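Given chain A, put chains B and C in place with the hints provided.
Residue numbers (my numbering), protein chains in the order written: chain A, 1 to 129; chain B, 130 to 256; chain C, 257 to 367.
Don't read these hints as lab results, they were simulated from the structure.
The structure presented is a predicted model; accordingly, all values stated were derived computationally and were not measured.
Mixed in with the good hints, there may be bad ones.
[What the hints assert, rightly or not] Now the in silico label distances, taken between C-beta atoms and shown as ranges:
(1) Asn287/C <-> Gly234/B: 39 to 45 Å
(2) Lys67/A <-> Asn349/C: 20 to 26 Å
(3) Asp245/B <-> Ser343/C: 56 to 62 Å
(4) Ser343/C <-> Gly181/B: 19 to 25 Å
(5) Gly127/A <-> Val347/C: 23 to 29 Å
(6) Asp273/C <-> Lys67/A: 48 to 54 Å
[Claimed, not checked] The calculated lysine to aspartate or glutamate pairs, modelled on DMTMM-like cross-linking and capped at a C-alpha distance of 20 Å, are:
(7) Lys49/A <-> Asp94/A
(8) Lys3/A <-> Asp279/C
(9) Lys31/A <-> Asp279/C
(10) Lys308/C <-> Asp223/B
(11) Lys115/A <-> Glu270/C
(12) Lys67/A <-> Glu147/B
(13) Lys59/A <-> Glu228/B
(14) Lys308/C <-> Glu228/B
(15) Lys59/A <-> Asp195/B
(16) Lys59/A <-> Asp220/B
(17) Lys83/A <-> Asp351/C
(18) Lys115/A <-> Asp351/C
(19) Lys31/A <-> Asp355/C
(20) Lys59/A <-> Glu147/B
(21) Lys3/A <-> Asp328/C
(22) Lys363/C <-> Glu118/A
(23) Lys363/C <-> Glu119/A
(24) Lys49/A <-> Asp161/B
(25) Lys363/C <-> Asp121/A
(26) Lys308/C <-> Asp220/B
(27) Lys308/C <-> Asp279/C
(28) Lys67/A <-> Asp121/A
(29) Lys59/A <-> Asp223/B
(30) Lys67/A <-> Asp183/B
(31) Lys83/A <-> Asp279/C
(32) Lys52/A <-> Glu119/A
(33) Lys308/C <-> Glu138/B
(34) Lys3/A <-> Asp359/C
(35) Lys3/A <-> Asp351/C
(36) Lys52/A <-> Glu147/B
(37) Lys67/A <-> Asp355/C
(38) Lys31/A <-> Asp351/C
Glycine included, each C-beta is placed from N, C-alpha and C at the ideal position.
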Amino acid sequence: MAKLTIALMDSPYESGTTTTAMRIVDAAVRKGHSVNVFAYEGAVSLTMKEQKGHPNPVKGTTIEEAKHPTTANFVAGLLATGKVEWINCGMCVDERGSGDWIEGPRRGGPGDLLKWSEESDNTLIMGTR
Amino acid sequence: MAKILSIVERAYHGTVEEQDDTILWISHMIKDAGADISVLLRGNAVNYGVIGQDASGLRFGNVTLDVPPTLDADISNLIAAQVPTYVVREDLADRGISEAGLAKGLKVVGRSELADLYDSHDSIWHW
Amino acid sequence: MAQYLLIESRDPFEFADTTYMYDMAGDLSKNGNNVTLFLIQNGVFCARQNVKNNPVTSLRQKAPGVRVEADDFSLRERGISTEGLESGITVSNVDNLVDRLVDSDTKIVWH
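Okay, chain A solo, but in the shape it has when bound:
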């Protein structure tokens, strides 16, 4: 089984790339691979703990019916597989004041990305735009 490192940049709820990254991580762990995710810049907010769903007045659905997803919940689901490690860039977190995370991610820096990249079979850099 292989190890894949992914660097993410996009902030939550702004880009189709977040969903794609989650799909790739999910597919990789289903195939038995392990995945390292290095969250850089806006992506450090993906794991913020206080994200909450809400009702949808346009569709007339309650909070229970809407089942609004959160990126923190997506990440938690991936971390629960035991095959995913997650590092949030510490300086990016400090810039944004976004240090209140779900359980699992740890603080790191660019050196961790390099280390992971060297340890992994491959590295996928998913930049923002």
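Then chains B and C, alone, in the frame of chain A:
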């Protein structure tokens, strides 16, 4: 009351996490708040009018996306809510999208008609 | 000869420089490399037939050896039927993508 033209051009960015397009959503909310509002789909957002979009079935580890976005239904609901909703003919053609496959009630307009559409509204909200 | 996996999430309507990745795929192929161009997200807007100035068509003419694939979910999400796609495009999925991503001999580029 001022007539608002709300223009949507960016598409499929964050729609899975949001369960909708945030500009279609806020336009509908503004309508429900009593506005006289129209919506213009241009650029990639013309694809929101295509019937048969399906973003179901995603899962992330043990977390499933139970309520996916339904953008074609959102367009139909906007139209049903009496929001005149326009789509640009050339933007459809550039993308190989057949007008026959669009949500019922969408008004197809040419690029040359957009200036008149602007003129017929008091305020242009180009998101 | 190297293996390349170029993942194109952008489309030529929203981004003016999308042909950059198509040109790169063609140039890498001409250099003798094994190249796959994987269309995902709005990148699949080029998968329909009758797309104006479709860079897939140009790439197929310039470098027929490039394998062009389109992500099934991205197609379905946009209501793009897998029947009648632009010639030369194969429907693929994220599982297949992962098989290449974990191949240490493949150079991967996201755009």
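For Lys67/A and Asp183/B, compute the direct alpha-carbon distance and say whether it is at most 20 Å. With a Cα-Cα distance of about 17 Å, the restraint between Lys67/A and Asp183/B holds, given a limit of 20 Å.
CA of Lys3/A to CA of Asp328/C, is that 20 Å or under? 24 Å, violated
Measure nothing beyond the straight line between the CA atoms of Lys49/A and Asp94/A; if it is 20 Å or shorter, mark the hint as holding. Between Lys49/A and Asp94/A the Cα gap is close to 16 Å, so the pair holds against 20 Å.
Does the alpha-carbon distance linking Lys363/C and Glu118/A stay inside the 20 Å limit? With Cα atoms ~14 Å apart, Lys363/C and Glu118/A stay inside 20 Å; holds.
Are the Cα positions of Lys83/A and Asp279/C separated by 20 Å at most? Distance ~36 Å between Lys83/A and Asp279/C Cα, so the pair is violated.
Can the restraint linking Lys115/A and Glu270/C be considered satisfied, given a maximum Cα separation of 20 Å? 35 Å, violated
Under the criterion that the straight-line Cα-Cα distance not exceed 20 Å, is the pair Lys67/A, Asp121/A satisfied? Distance ~36 Å between Lys67/A and Asp121/A Cα, so the pair is violated.
Compare the distance between the alpha carbons of Lys67/A and Glu147/B with 20 Å, and conclude whether the hinted pair is satisfied. Distance ~11 Å between Lys67/A and Glu147/B Cα, so the pair holds.
What's the verdict on Lys52/A and Glu147/B, does the C-alpha distance respect the 20 Å limit or exceed it? 12 Å, holds
Is the Cα-Cα distance between Lys308/C and Asp223/B 20 Å or less? Holds. Lys308/C to Asp223/B sits at ~5 Å (cutoff 20 Å).
Going straight from one Cα to the other, do Lys59/A and Glu228/B come out at no more than 20 Å? The given pair, whose Cα atoms are some 26 Å apart, is violated under the 20 Å limit.
Looking only at beta-carbon atoms, does the pair Ser343/C, Gly181/B fall within the given range of 19 to 25 Å? 22 Å, holds
Hints 1, 3, 6, 8, 9, 11, 13, 16, 18, 21, 24, 28, 29, 31, 32 and 37, counting from the list given before, are not met by this structure.
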